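J.: Use these hints to put chain C onto chain U, whose structure you have.
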Amino acid sequence: MKPGAGGAAQAQGEEVLARQSLGLLAQAILGLRSTGEPATACAIAGDCARTALGASDYRLLRLEPRSGALRRLDPTGEEARYLPEPGGPAEWAMRHEQPVFDEGQGGASASREAALWDGAPGALATVPLVSNGAALGLMLVSFASPRAFGSVTRTFLQTLGDALALALERTQLRRELEEERKSVQALKKQRSDGEQASSTLMSVVAHEIRSPLTAIKAYTEAMLDHLSDPHAPRERFLSIINSECDRLARLVSDVLDLSRLEAGQRPLRLARFDIERLVTEMLEGLLPSVMERKITLRPQLEPGLVVEADPDLVRRLLINLVGNAVKYSPLGGTVRIVTRVSGDEFLCEIEDQGPGIPPEDLPHVFERFYRARRQRDEEVEGTGLGLAIAHGIVELHGGRIWAQSAEPHGTRLCVALPSRQLAAPRARRTARRIWGRGDLRELCQGTVNMVAAAMDAEIVSLMLVDPDHGDLFIAAWRGLDGEKLQGRRTAVRAGVAGSVAAWGRPLLVNDIETDRRFSRLNHPQYTTKSLLCVPLCVEGEVVGVINVNNKISGQSFDDDDLAVLTALVERVGSAVERAIAHPDSPRVVDEALEAVRAVTQLRRDGLLSGRNRIHLVRATARQLGMSEAGIDLVGYVASIHDLGMTRFQEAVNHPGKLDSEKRQEIERHPETTLELIRGLEYASAVRDVILAHHEHWDGTGYPRGLSGGDIPLGARILAVVDAYESMTHGRPYRPPLPQAQAIGELRREAGRHFDPEVVDAFQLALGGGGGR
Amino acid sequence: MAKGKILVVDDEIYIVHILDFSLGMEGYQVLTALDGEQALEKARAEHPDLIVLDIMMPKLDGYETCKMLKADEQTRSIPVILLSAKGRNVDQKIGFEVGADDYITKPFSPRKLVERINAILGQNSSQRLQA
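Protein chains in written order, with UniProt numbering: chain U, 1 to 772; chain C, 1 to 131.
Bound-form chain U, shown alone (with noise of 0.2 Å):
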């Protein structure tokens, strides 16, 4: 074809096109409105470009917000992640948030995401699909051959987009909010039900306390009342309250323990142990009562056998199970204690030839105070707890309980523990891939120095599951003596950084010599008490830890330090996810370093927001009634948000020097923020506020003079507290304001600079306490 020739059908195109395009985007927007569907949705529009434009094939990308992954979205509805070709329109479009033409000039070899197509396409639009400032993917619309885009055609299929875009906006909101709901009644149940288990509790607790209690009163009065009495048995008496006592505070210590074991408070302490040697010595201690009833226990032990778990808590486990099988056990009975191999698994069986339980109870035998809705025997002591305690250590080691019938009768109780505590072989194979690369070594080493930056940190390492042996070991560290830590490991489940790869949940403890979850753990490196511990996620696995101890400024840390840490992790864990799912793209960790190198850096400009304005953030947030993930987002956001501003540090200081030019530059570091922190931030929530915490209430704000409630609340919470902390701080060429007078100047730029709700939200947080 000549070009000359085709440009002149082309014109003819665009004419045809401008007159027929209203009524074909008014079909497809109708189409649109009435799909819940995302792979319909993307059907009416391709099919809506291939009647227009003769456009020959059309594909959907979908952005995942976390990960920043794409994925190719069929007709079908199936998804397969996409790896946009390197340098390619898929990239620069999401980059740059602008479609891409490509007339086909480039011939053949130019980069048209081949692996989409069937054939190659002669030219190829791509749309990024944008709503509400957030990148919802891209729409790819592919043409035999070469073509013009003229600028109907681009108008056209950004329209297009744009209504895709709604379209795919609408149903992901719909699904967010079935979530939610589904989230909230999922909630909603899960605390009624806790509630009612632990009324339920109290009241047994309440009769199982009450009963030592009414002797101890019964024999203290009745001994009382008869101290003249020289036949009053009173040794006997004060031997009975004696022993009421002694139960008594049985029943409390078992109490206590067990609620720490149900509530993960009691991390392990493990150690490699003989087995057979910690149940011979737990079998003699046991002999009193043993003798006194006249059982023979029958041990059957495999010798040798060494298992990784608690020993303390092992020895609980074995004098609950034991004890529980004497006491059931008829005068003179047998008592069987195997302890064997299989597999991974250390296996133990206890049994006895006690009257047995009802098939239909044994399931139940491990329920707190089960005892006591059994039949009960005078003879037989206990606190009703020592099952549901043997049954809260098992699940502590991550292993398995149960009860079973023996034969002619009698109960057997089986316990597997693993004989070590590994990590997952998910997050072994995901640690491996992160080891492997030397990117995200860097990554890894850069994050440790961010923390220790955001965090005020002396100490801060990074514990990373070790690939081939399962455990934990520090993979990078500050302020740690690094030759002693070559051998410093842990094991998943032990201690305060096992614990937290172990549940996934961040920890904080104020004081770890006082912290009873913690006591003897206590290590030396401690010098200050106070530390932080949160999970590195990837892909919902935790792969490590990240440890932080003594803040420099000798304070402890809260759960603002806790929440701000969190929000730092989570985004390290999704950068190293995408790095995963783009192996073949290195640039995808190069921006997340370069990320985490400007929000290190922004400490050591005196940029980085200090727990005050965290503080203040956060409370006024709260004060105008935010979700808890909002009060944290804003919270992450307020410690990052002028990362654009270390590019203008001097600038700022000296205002002097400040020509206009200058003054737009500054102008414009809140997108140079975004631009930073890119490798690191997927959200667009937090891009939102970002982008508009220099936009004022009535308009005249920077960048896009957004004005009242366009502006995003937490963008304006920020504005209001960074005008407040900018005042009662001073700048260099500013002195420091006194409280009363910076908020008389807030009051009066409400309305004009600031919102009014705010003000007045921020004046309430601030005489609350929210201010430090």
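Treat the hints loosely; a few may be bogus.
[What the hints assert, rightly or not] Cβ-Cβ distance ranges computed for the label pairs, FRET-style:
1. S109(C) with R250(U): 24 to 32 Å
2. N118(C) with P355(U): 39 to 47 Å
3. P355(U) with E115(C): 22 to 30 Å
4. K67(C) with G625(U): 54 to 62 Å
5. E115(C) with R250(U): 29 to 37 Å
6. D229(U) with N118(C): 14 to 22 Å
7. K112(C) with H207(U): 15 to 23 Å
8. D229(U) with K67(C): 15 to 23 Å
9. V252(U) with K112(C): 24 to 32 Å
Since the hints were made in silico from the structure, they are not lab data.
In this text, all values refer to a predicted model and were calculated from it rather than measured experimentally.
The C-beta atom is built at its ideal place from N, Cα and C for all residues, glycine as well.
T.: What follows is chain C alone, placed relative to chain U:
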């Protein structure tokens, strides 16, 4: 000469012992039972003047035992004092519904229990005199 015969029923052996002691010191003859079934047997065989009955017991609980005592011609007229760790109004109501004459919650004072027993038996004897 004993003041009267009291049957004490509780699955907690120490409680039975202390009531045995306190009531014995007061001049009562004390019979004991450790569960509801035993209590019914002894009530029918020994015709006590009053029964102190715990509620939370194995085999047959205090409510059931009380109901059966009050349904039986032989034992219907024997006053029953329920004794239990449950102290809520609901339980008291059930207690009176099954025909109990009085109700004492644990932990209790043995002295007060003795006073109640004296009161009930004194009242009953005067009623008997009137009749």
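J.: If I claimed the Cβ atoms of V252(U) and K112(C) lie 24 to 32 Å apart, would that claim hold in this structure?
T.: Since the Cβ atoms of V252(U) and K112(C) sit about 27 Å apart, the hinted range of 24 to 32 Å holds.
J.: For K67(C) and G625(U), compare the CB-CB distance with the range 54 to 62 Å and indicate the outcome.
T.: holds, 56 Å
J.: Between N118(C) and P355(U), does the beta-carbon spacing fit 39 to 47 Å?
T.: Holds, at about 42 Å.
J.: Are D229(U) and K67(C) spaced within 15 to 23 Å by their CB atoms?
T.: violated, 39 Å
J.: Is it true that K112(C) and H207(U) lie within 15 to 23 Å of each other by Cβ?
T.: holds, 21 Å
J.: If I claimed the Cβ atoms of D229(U) and N118(C) lie 14 to 22 Å apart, would that claim hold in this structure?
T.: Since D229(U) and N118(C) have Cβ atoms about 19 Å apart, the given range 14 to 22 Å holds.
J.: Holds or violated: 29 to 37 Å for the Cβ distance of E115(C) and R250(U)?
T.: Cβ of E115(C) to Cβ of R250(U): about 34 Å, so the range 29 to 37 Å holds.
J.: Taking 24 to 32 Å as the hint, is the beta-carbon distance of S109(C) and R250(U) inside that range?
T.: Once the Cβ atoms are compared, 25 Å apart, the range 24 to 32 Å for R250(U) and S109(C) holds.
J.: Using the beta carbons of P355(U) and E115(C), state whether their distance is inside 22 to 30 Å or not.
T.: violated, 41 Å
Going through the hint list in order, the structure does not satisfy hints 3, 8.
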